[in-house]
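Chain by chain, the residues run as shown.
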Amino acid sequence: MEKITTFQEDSLQDFLDGKLEGPALQQLKHELASSPALQHRLEELRRLHQSLSKQSLQSPSSGFVAQVMKNLGQVSRSAYPSPRNGIMLLLGVMVATGMLVIMISAGVFDQIGGLISLEQLSPVKKYIQPSLPSLPINGKLIIQLLVGINLILAFIVLDRTVLRPFFQRRAGNQWT
Amino acid sequence: MISLQEENDLIDQILGGKQEAYARLVDNYKSYAYTIALKILNNRPEAEEAAQDGFIKAYQYLKSFNRKARFSTWLYRIIFNTAISYKRKNRVQMESIEHNDRGEESRESDLERSDKEVFIARAMEHLNEADRLAIQLYYIKEFSLDEVAEMMGQRVNTLKVRVHRARQRLADELTKILKEEALTL
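Chains as they are written, first to last, in this note's numbering: chain A, 1 to 176; chain B, 1 to 185.
Honestly, the hints are just simulated from the structure, not real lab data.
Ideal Cβ positions, reconstructed from N, Cα and C, are used throughout, including at glycine.
Check each hint, because a few of them may be wrong.
Only part of the chain B face toward chain A is listed, based on derived beta-carbon distances under 8 Å [as the list claims (entries may be wrong)]:
(1) Q19
(2) V26
(3) I120
Generate coordinates for the entire structure from the input sequences, incorporating the hints supplied.
In structure tokens:
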């Protein structure tokens with residue numbers, strides 16, 4: 001039986017995939033017409049090609065989408081602290097903020113203030129020779145700033161530990 | 001199937017925080033994802049788990065999805081890599097179990113399949129893993145060489161060679177098997 005070359009084998013496969021055209025296609029047709037071995041090989045490959053093409057898509061179980069959405073909810077939830085820890089943290093932040101506000105309104109920080117002379121700082125004095133200015137310090141303003149930061153922190157904790165998990169759980173329940 | 005425009009809208013919604021919109025994408029691609037995982041793992045429960053895991057990863061990395069590429073190709077690559085890592089992870093554990101159970105499982109499934117499918121499955125056993133995967137993924141409905149190459153992280157030409165070589169070997173093995181079957185009749 002005559003031997004089929006690698007080039008002919010590739011041409012047969014390209015032909016089956018519909019990728020052979022122009023002179024290459026004409027050449028193969030010409031060779032096919034005169035070669036029973038090539039015709040036989042084409043038939044073998046065609047049978048295989050048809051059988052493989054018939055393979056259908058497989059379907060997963062009916063609860064596949066619901067399971068993915070449920071797992072997604074769990075993954076999202078585990079990315080944040082538990083609601084219990086979150087609420088404790090939130091309470092801590094709120095208590096600290098509340099205490100600071102009470103202390104501010106009681107005037108505890110009113111006496112803290114004055115000027116910080118940079119020249120008196122020994123490490124600075126050692127390296128910098130020219131005279132440095134003094135910085136004004138307002139204790140009340142610093143504490144008010146801390147209160148503001150605490151409130152922002154409290155909002156972030158509330159969002160991450162209570163609000164987002166709550167809404168995500170609600171959305172996830174639609175798929176379970 | 002959902003349109004490209006619809007798909008982009010869904011991605012926008014998901015990135016905007018509407019998690020439930022992801023269910024539509026999952027529903028649209030679940031069969032493709034599951035089939036890819038099944039071709040790699042050859043085990044239904046494991047394939048389902050890997051496909052689900054792949055969808056979770058895709059959700060987590062959705063922000064990094066470059067819209068110039070097709071979402072499906074990007075997703076299939078994640079599913080492919082997840083299934084491959086499942087296969088690697090479980091290979092050692094499964095080897096001994098597979099050895100005992102596979103015979104029974106394949107005998108059972110052989111009964112459900114047509115002769116042609118059984119012969120092809122037997123011929124597939126003679127291919128190396130990369131060639132087997134290449135040809136199986138190529139023949140999953142509507143996949144082009146480009147898509148499979150992208151999924152497997154290979155060059156199109158390399159993949160084409162793999163598919164040709166696998167088909168050649170399969171045709172040879174199939175001929176041999178059919179001859180043996182004819183002799184036993």
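Consistency of the hints with the structure:
1. Q19: Interface hint status for Q19/B: holds (5 Å vs cutoff 8 Å).
2. V26: At about 5 Å, which falls below the 8 Å cut-off, the nearest Cβ of chain A leaves the hint on V26/B intact, so it holds.
3. I120: With a minimum Cβ separation of about 6 Å from chain A (threshold 8 Å), the hint on I120/B holds.
In the structure shown, no violation is registered for any of the earlier numbered hints.
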